[in-house]
Amino acid sequence: MIAFGTAYYIGNKPGKAFMAGFGAIFVAWTILALIQSLPNHNMLAGRVAKLMQLPNWIVLLLVTAFVGGLLGGMSALSGVLIKKAYQKP
Amino acid sequence: MKFLASLVFALTLLLVWALQTKFGDIPPIGKFLNPSTGFWQNAESSDLSGDEELHLEGLHDKVTIRYDERRIPHIFANNDHDLYYAQGYVTAKDRLWQLDIQTRAAAGRLSEVVGPKALAVDRYHRRIGMTFGANNTLKGLMKDPPIKMMIEAYSDGVNSYISHLAKKDYPIEFKLLDYAPEKWEYINCAYLLKNMSETLAWGTDDFGMTNNLKVFGSKTVKDLFPDYPFREDPIIPEGTPWNFKPLPLPKPSADFIAQITDTVRPKEPTPGVGSNNWAIAGSRSANGYPILANDPHLNLTFPSIWYQIQLSSPTVNVYGVSLPGAPCVIIGYNQNISWGVTNVDADVQDWYQVKFKDRSKNEYWYDKKWAKTTRKIEEIKVRGQQTVFDTVIYTIHGPVVYDNPGQRPEERNNIPVGDALRWIAHDESDDFQTFFLLNRAKNYSDYRKALTYFTAPAQNFIFADNEKDIAITPNGKFPLKFRDQGKFIMDGSDPANNWQGWIPADQNPTVKNPPRGFVSSANQSLTDPTYPYYINWRYEQYYRASRINSKLSNMHQATVDSIRQMQTDNYSTLARDVLPAMLKYIDPTKLNKDQIAALEVVKKWNKDYDADAEGASIFDSWWQNFFKLTWSDKFGRTDIVLTYPSFDQTARLLITQPNSKWFDNTKTAYRETCSDIVFKAFTEAVDALVKTNGKPGSNWQWGTVKETYINHLANLPGFGTGKFSAGGNGNVINALRGNTGPSWRMVVQLGPKVKGYGVFPGGESGNPGSFYYSDMFETWKNGKLDELLFLQSADERSTRIKSSLILKNK
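Chain order of the listed sequences is E and A. Just so we're aligned, residue 1 is where the first sequence starts under this note's numbering, counting upward by one. Just so we're aligned, residue 1001 is where the second sequence starts under this note's numbering, counting upward by one.
FYI, nobody ran anything at the bench for these hints, they're computed from the structure. Please read these numbers as outputs of a predicted model, since none were measured by experiment. Treat each hint with caution, since some may be false.
As the list claims (entries may be wrong) - Partial list, derived from the structure: chain E residues whose beta carbon lies under 8 Å from chain A:
#: 1; residue: Lys-16
#: 2; residue: Trp-29
#: 3; residue: Asn-56
#: 4; residue: Leu-77
No residue lacks a Cβ here, since even glycine has one placed at the ideal position from N, Cα and C.
With the rest of the complex left out, here is chain A:
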C-alpha cells in the first residue's frame, strides 16, 4: 500500500512537473492551458474598458491619452520627458513581445529563449557586428542631451509597464515560449536602428560581381552590369543643377581581386523591400496645396512593424507611424509639414580581403606592414545548454565575419570566408535627432537641418509643407568613394581602398520645387550621370518610378482620392516595355490548343496585375521563364556563384539585340536566338500553368496564382491571415507579393488644416486575443484609407474618442 501510494504520489509530482515544463518547442501544457494563468487570460473582452487612471513613478506631470476607434493612442503631455515616457508605456502595453523579440534577434540573444536551434543566426548577428554597432550608436545618441533624455524617458516608460505586469497578463508569446519579459535597456533603442540597417542597408552582390569579373572578364561586366541602367527616370530630375563645389574624389587603388569565394551565394536584398513616395505641388492639386504620399514596402507581419501614434507636448504635435523600440514618429505630419521615406540602398557595406600572417591570425598585412588584430568574445547563452563562447577577430576595417570555413553555416554562403566587413551600421550615429527635429519642423529649412544628423539606413526623405514647398533628398552618411569602389571585393591591405571621408551632408542630391510640379522616388537611381559623387552602381529598376512619374505628370486638380487610387495601381511598365517584342516571336501555327487560348488572353491583357487578371499570370510566368532560359546556363553555375544581370538589361537585349550571343544556350550544340528562347519560354510557361491550375480559365487569375499572405511575427499557425487573393506585384506601384508589400499607406493633404489618411495591414495591438490585432487589415486589403484623427488639444472633443488613460505621478 505504501509503495502504491508513493508511486502514485511520485507520478502526480511528475505530471505536475511535466505540465509546467517546456519540452523542445511545446510550451508547458498545464501552465499554458490553465484558465487562471495561461492563454485564456489573453482573450480580450469585446466590451471596451472605460477610462482608466494610473499612478506611475518617474512621471513629472499629468499625461492624457485619448484612444480612438482603432485604439490608436493620442498622447498629450506637459513636457517632452513625460511625452516619451508615455510613448514607451503605451507601446509596451500593446507590443511588449515585439519589443522583446526584435531586440533579441538584433542582439543575437534568441538562443537564450528558444534554445540551440537559434544558435547559428545568433552567431551570425554577433559576427556581423550588430552588438558592436549598437554600442557605438548608443554612444552617439547619449552624447546629445535631448536625445539622451528621450531615450531614458522612453525606456522608463517601457519598464514602468513591465514592472507592473502580472504573470497572467504576459503576452501569449511569452507563455508559449515560457519566459518572462526583462528590463528594457537604453541600448535596445540602438538595436532597433541596427535592425532597420540590416533590413535596408545590407545584402550587396560584391562576391557574385567579383566572380563575374573572373569568369566573364571586365568588358562583359561593363556591358551587362553598367553603372547606369538602360532605362531610367532618376529621383532628382535629369538636368537639375548641382549648386556646390564638390570635393575631389579619391584615387582608385591598384585592386587585388579576391581568389577565394567559389562557394559564395550573394544575398540579394529581399525583393519587394523598397518603397514609393511622391508629393505634388499645389499647382497640381484641387485645393492649391501640396499632397504627399508614402508607402514603405517591408515584410508584412502581425503585429505590424509600425505603430500609429499622436505625440503632443508644448514643443510638438505630430501624427504618424512609429517603430516600436524607438521614440518619435518616423513617417507622418504635423500642422505645418509632412514627410516620408523610401530606401536608397547606397553601397555602405564593403568586403576587404584579409591576409593573415599565420594560423594564429594575430596579425594581418596592412599598409605595407603587419598590424595586430583584436579579438572580441561573444557570450551566447543557450536555453537548456552550456553558454557558447564565440571569438570574433577585428581588423581596422571591421570584423572578419567568418575567419575559417568551419565557422560558416550552409545558409550563410553569401559571406566570403576570410574577409573583413566595413558597414555603416558599425558607426557612431545620432539618427534619432533627425526624427526629433522632423517631428517639430515648421518649414523647408527645418527639414534640411534635420537631415544633416542622419547616418543609416539612407532614405529618400520626401517633404511638403503649408508654404507650398515640396522637396526630396536621398540622404544619409555616404562614404566619399572613387567610381565603383566597393562594386567588387577589395584588397584589405591597401589603405587606398578604405572609405576616404564623407560626402558633405548639404551636398547629398536634393531638389526643391522642380518645374515639373512633383517629386517622387521608388528606389531608383538617385540622379542622372552628372552628379559628381559615387553612391552605388545599381539601384532598383525604373518600373515603378516610371509609372509614378507618368501618372503625376498627368495629374491636375488632384485630390486625396486621386492619390489613394494611384497607390493601388497595378499597371506594369515592364509588360508595356517587353510584351509587344515578345509577342512578335510567337508563331501561333506551332502552338497547341491551350497555348493558343493563353496567347489570346495575354494579347488582350491591359497590363494590370489585377487579382482577376489571367493575362498577368501568363505574362509573369512567361517573362520569368524567358529570363531564366536566357541566363541560367551561364550564370546559374553551382560551382561558383555569379550575379545575374537585371531585368532591365534583359529587356535591352530583347528589344535592341535579338541576335545577341547571350540568347544561345551554351549547353546545346544548336545556336539559339532570341526568337527560340521567347517561344520556348512561352510554351513551357503555359504548360506549367496547365499542370498546376488546369485549363486556361478563372483558375489562372493572378490573385489565385500569386500567393499573398501575412504571418504572425514568429510564423505561428492560426495567428496570421492565411492565403488571400490580391493584385499587385514587385514591379508595379502596388508592390504586394508573397508576404512583402505596402506596410503602411499614407496620404497627407496640406492646407490651412492638414488632413492625414492612412492604414496598415494589421492592428495596433500585438495580442492575437484582441479585437485590435488585425482590425485594419480589411480596409488595407480593399485599397482604402482611414481618415486619421489629428487632435489639437487634450480637451478637443470628438465622437471618435472611445476611451482615455490618464497617467499621473506616483
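Same shape as in the complex, but just chain E:
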C-alpha cells in the first residue's frame, strides 16, 4: 500500500519506480526479520529453512526479502503506471 501510494504521488519513470519499491521493501523486511531473528540466534529461521527445503537461514532471509521486494516493486509500478495512464498529456 505504501509503495503504491508513494510511487503514485511522486514517481515518474516506471522502471525506477519498480526498483525503488522493490529496494525499499527488500531492505525493510530484511531489517525487520533480523530484529526478530538475531536475539533468537537464528534458531527458528534455521528450522523453517529446513522445513522449506532451503539450505540455510540466510537463503530464507533472502527469499523473505525478495518476496517483500516483489510486492513492493509491483505496487510501486502500478502506482506510476496508473498515474501516467490518467495524466493529462
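Take the given structure of chain E and dock chain A to it, following the hints.
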C-alpha cells in the same frame, strides 16, 4: 497506456492475493514470510523477559506463577477455581496449537483445516464413536460439582489466553496451515480422554483370532493362543489371596462365529506403547522410605504429550506431568504420596455381528425379534469444499462402524464390515475425579477411594507414601464377562453376548505391602490364573516385567540413582531365554567368513541392547527372521488375515518342542525342523546386514542399525530431532525404538521431605522458535533426570526461580 496500467495493477492485486492465500499444503507465502506478521514473530529472544503482571476477567483472586530454569510453571492460587483457570491459561500460553490439533483429531475435524486429505481419518473417528463417547463422558463429568467447576475454570483460562492473542503471535503451525485458534469448549476436555482411550484401549485382534478359529480349529487356537502365557511374572504376585466374595460369572452364549472378514487386517496396539512402573518398600531403600518410579511409553513428539506443572492452592500442593487439555496432574507426587500409571490393555472393545433385515438397515435381529436402528448424521466441514454428511447406524451395542464395504477405506482393513462396536470409551464417565482426588491424597485409603471413579483407559495405578505403604492396582471399569468373552467376534443378536455388568471396583486386582518388598508393572498379566474374573486373554509379554522384578529382588539400600539406572537398563530377557537354544543349531562349518565373524560377536554379546552393541543388531535381526520364517507361510496369508502367535509361544516351541510341526515350511516339499529354520534365519540375517551396513564392524552397532528419532507433532521437517543413535528396544526396560519410548521418566523418593526427579524428551514450550522447545532432550537422551523443584509456598525463595507471572482479576 491505460491497458498496461490496468494490467499491471491487476497483476499486482493477483500477486497480493496469491501471497495471502494457501494453495494445497503451501502456506500463504506473503503472510508467512512477512516479518511483522509471519513466522519471524515466533522467534523468541534468548533474553528471558522479566516479571509480568496481567489482569484477566474471570479470576476471583490473585494467582502467583513462578517459572524455573526449564520454564516449568509453579502455580500458587488462593482457591481451586483460580488454580485451574491458571492451569488452563499457562497451558494455552505454551501449547495452544497442540490443544487445538488434538481436539480436532479426536472430534474428526481435521478436514476443516487441512482439506479433503483428512476426510478418511475424520470419518473414521466419527464412525468409531469418538464424538458419541465424548458427549457421554462430558455428561458424567458435569454431573460432579467439583469436576464441573474444574473444567469450566480450566476452559475459561484457555479462552482468556486465546481472546487476548494477536494474530502475529499465533503459534507457527496456525500460520503454516492458515487458520485461527477457536474458542475452547468444555467437551474438548472429554475429547482428550477419548484420545487417550484410542491410544491405550483400542486395537484388539478379535478378527484375526476369529479367522484363526476358522482356519486352524479350536484345538490349535487353544494351544498357540492360550489364556496364560508360557512364561509370566504377573503384576499381583502369585499366591496373593483375594479378600472378597466374587460375583458369579455370566454363562457363555451359544456363539455364532462371523462368516465375513476375509479382507481384515487386525490393528495391533502400537508396539512400544506400554510402560513401566515400580515402587520399592522402605525395607529396600537407603533412607528407609519407599521410592517410586514410572516411565510411560508413548509416541515421542515435539511438543511432548506431557506438560510439567506444579499446582498449589489451600486444598492441594502437587507436582508432576499434566496432559494439555485436561486439568490436574496425571502422574506425580505431593508432600505425602506419589503415584504413577502403566497401561492395562483390558479387553473393553468388542465387535458384534449385526444381521440387518434388509438393505434399508432400519431393523436388525436382536433377542429373537426385529429391533430398530437409530441414525446419527455426522457433519464434516471440509476446507475448500462442500460439507460432507456421513450417516452412522447405531444399534444397542454401539455404532456399526462400516455398514457396507464401500464405506471402508483401504487403510482401515482392521475393521470388520457390518459389525457393531461396543467400546468402553462410549460410556458416561467421571475419570477426572480420580486425578482430582489423587492430587490431594494423603494416604493409602485416599488412593483406594480415588481409584473407584476411574473408567478408561484402565491403568495399573502404582502408589507409595510417607506412611511407608506401597501398592499397585490394575484399575478401571471392567465388564463382567464369561471366560474368553470378546476374544472372538460375537453374535450381536444374542443378549447373552452383551456385557452383563461390571466388576465391583474394590474387587479389581490389588496388592498392598507384599512380602517381597516391591510392586511393579510392565503391562504383563495382571494376576496368576486364580483371579476369579476375566479381563483379557493376553497382555504384553513378560520380558520387561521379569527383568524389573529380578533387579528389584536384588535391591538393598537403594537410592534414587539406583532406580534411575534401572530405567535405562537395556538387558534383554528374550535374548537370555532363546539365544543359548538358537546357538546350538548353528554349525560353524557351514558358514561363510562374514557369518563366522558375526557368530563370534553374538556369542560374546552380553545381551544388552546398548547403542554400541553389534551383537544386539545380529540377535535382533536373527530372532525377527526366525519368527517370520516359522510363521509367515501359515499366518501371513493375503487372502485372509490371521493373528500371529506371540514371541513367548515361539520361544516355547523353540525350547520345548524343536520337532514341532510348526517349523515345517508348508510351501516346500521338504520337512523343515527347528534346526533348519534357526540356521536359515541366521545366515539370512547376517547377509542382510552385510548388504545394508557392510562387513561386520562398527557400522553394525545397534544405535546405527536401529532408527530412533523424535518428530514434530505434525511431522514437519526441521522441527524434530532427526535420527539419533540410542540404545534400548521394545522388550527391554529402556523401551525406546523408532519414535516410541519413555515419554516421561520420573523417580520419587518418599521421606519427611519428598524429593522428585524427572525429565521428558522435549521442552515445556510448543513453539519451535523457543529455547524451551527441546531443552530437556539431551538430559533425557543421556539417561539423566532433572531434580524437580517442589516449592512449598508462593514466597519460598529459590535461585531456580527465573521469572514470575502474576495474574489478577480485571
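> Looking back at the hints listed earlier, which ones does the structure fail to meet?
Replying inline: 1, 3
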